[in-house]
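S.K.: Chain by chain, the residues run as shown.
Number of protein chains: 2
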Amino acid sequence: MAKMLKKNYLMTPGPTPVPVDILLEGAKDTIHHRTPQYLDIQNKALENLKYLFQTKNLVYTLVSSGTGAMEAAVANLVSKGDKVIAVNGGKFGERWCELCEAYDANLVEIDIEWGKYVRAEQIKDALEKNPDTKVVFTTLSETSTGVVNPIKEIAQIVKNTQAVLVVDAISGLLAEPLKMDEWNVDVVVCGVQKGFMMPPGLAMISLSEKAMKLVEKSNNPRYYFDLRAYKKNYPDSPYTPAVNLMYQLLKSTDMLKEEGIENVWDRHRIMAEATRAGVQALGLELFAENPGNVLTAIKIPQGVDGGKLIKFLRDDWGVVFTGGQSQLKGKIIRIAHLGYMSKFDIITAISALEMSLEKFGFKVELGKGVKAAEEVFVKEGV
Amino acid sequence: MAKMLKKNYLMTPGPTPVPVDILLEGAKDTIHHRTPQYLDIQNKALENLKYLFQTKNLVYTLVSSGTGAMEAAVANLVSKGDKVIAVNGGKFGERWCELCEAYDANLVEIDIEWGKYVRAEQIKDALEKNPDTKVVFTTLSETSTGVVNPIKEIAQIVKNTQAVLVVDAISGLLAEPLKMDEWNVDVVVCGVQKGFMMPPGLAMISLSEKAMKLVEKSNNPRYYFDLRAYKKNYPDSPYTPAVNLMYQLLKSTDMLKEEGIENVWDRHRIMAEATRAGVQALGLELFAENPGNVLTAIKIPQGVDGGKLIKFLRDDWGVVFTGGQSQLKGKIIRIAHLGYMSKFDIITAISALEMSLEKFGFKVELGKGVKAAEEVFVKEGV
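Residue numbers (the numbering used here), protein chains in the order written: chain A, 2 to 383; chain B, 2 to 383.
Rather than coming from a laboratory, the hints here were simulated on the basis of the structure. This one's a predicted model, so the numbers in the text were calculated from it and none came from an experiment.
Copies of the same chain are indistinguishable here, so a pair counts whether it falls within one copy or spans any two.
Straight line, CA to CA, 16 Å or less: simulated EDC-like cross-link-like pairs of lysine to aspartate or glutamate:
#1 LYS92 / GLU110
#2 LYS8 / ASP30
#3 LYS160 / ASP182
#4 LYS7 / ASP30
#5 LYS330 / ASP306
#6 LYS81 / ASP105
#7 LYS372 / ASP346
#8 LYS117 / GLU286
#9 LYS84 / GLU110
#10 LYS117 / GLU290
#11 LYS369 / GLU355
#12 LYS84 / ASP133
#13 LYS364 / GLU286
Chain A extracted, bound-state conformation (with noise of 0.2 Å):
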């Protein structure tokens, strides 16, 4: 039987694609960090983070995986008792309940039901009916439904209260717009495995002034994430840092300030609508209320089993979609449209599925969601 070659199509929510050129800075000679060699290389780095940000903060790095920053953001603006307000819409929603209660925080949680999205007005209500609220805790792209929340909106709220507003962007940082600074966002964590195209192993985050008092006061324990050190070193680090991850994110970094960041958006923007346009073609629901750039999550349809289809194409031709998590396993298909992809990538993903659903039990016509997509991209101009 002939056998085609299996390439590795990664259309995960980060891991993401790593273009070669930044895979292969990682691999340039190791130097010292506490050089000014190293350090210059840092700065550079930390400077075009502040336009990825749009912020006139610092923004600082740890090596960590996003839930490291988000450690990093209540450990150091929540002191024990602290009034806060979470919303909960999804598995990193939840993280931040459960990082708020780790710290003993007095956790008010909005509870939205997963695939729905948080409405700006129940941020409102929540703050009205808790003035006392220090920190409010919110997602941009909450990935493990594929929503997208309206944190511009939630920001025009919280600016004209006491509370900071903190927003999880480690999926949705470059695939959704956010100004940090015109916004009013006091608070953005994010990671590299995502829009920045990178492998893991670094986080982010920047504050403003209104968050930085609260870095100040909070009495919590806290050392490798204690912001006081990495403002005080900046742009050093306080501990080593990862000296080929910080090539790679120079590399990263100048990259998307070349692209630039309306067209990063907009890059992200198009090829949701590419793909919401080729699996509804196909006959197939979307899952989320208000779908977002990171990724499409499909409702699995009766008949076929998620978790089969899914290890199949993985296995078998190397594409790599994601199943549901935590209450969601087995009802869900996720399709990344993240970081380093361009149209052709989504049309493999359509593709991906157009020849295999039929396998597992649901009548497609090959071809369909093809051309949907291609009429998106067509009729966009790129």
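Following the hints, complete the assembly by docking chain B onto the known chain A.
M.R.: Okay, now just chain B, sitting in the frame of chain A:
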């Protein structure tokens, strides 16, 4: 004027030189971490780590610098108000003290003059005076001074008490003998940018059953470093692992396993002896009372500006030594012989000293230090 090519000679106690084969391993295609393909790689690396830690206990990897693993030890073992003993004989012993204070431990500090080592007898006395001690924090190789501490003897004392013994082996593991199980060491923390010959970004921690009992009891706030989550997910990771660094860790641990742990220790012992012989033959004085195999600290001779010497060697010849930290700034030069190094790296280091010292006001006989180092290698038959 003739000019030589400037190559990068990393003679620093982390990062250390990275073999090209390990660098290129990190440039391999990034795969998704929630796949059996990735888990197989991580599982193999973790198995290799057990051998290199000389333990049957699980070894966990953390995406962080070594300090992250130190914090994991403190946050997981210590509850607020717990009596702990920490040895402060340098910058990294001091870090244990800072961490214990950040977590509100009841700290008994054993203060050692920097450059001296801690006697097992001092630990014994402190434990007798403080029988309620929960944890003893020590350092195998104190990177700031070049001292190696007698962990084997200390472990003999601690094992007969209720306390658990934690060893910062971040720079020491692989360079100094350490037999976790045989010696009854309860907790070992390490980083990859030292003996493991990797770019920085991963830390490791392993705990005995005695220590794991404290982990279950600790009531300190923690999340990212909460070892209960790592235990529950083992060999998988609770948060996104640094995929490409894990490729490198598998390669590194495969190489070290093939070399054999006794050979790795012996290689470091011989390089350290040759370095000491070389610098002493040049009339330089060693700083450490009990110098270890990680690095050789040399007192800066009267009249020499150590900072300028180090800067010259780094910027003009590419030979990267480090100076003293904190109270030792301007007092010592540290030459590391750690990780991916062999005899000709030592010859290079001594030669660089010989050729540069006179420029900075210290008279040496060219070739004399190299000769002494060579004699060690020839005597050892390597």
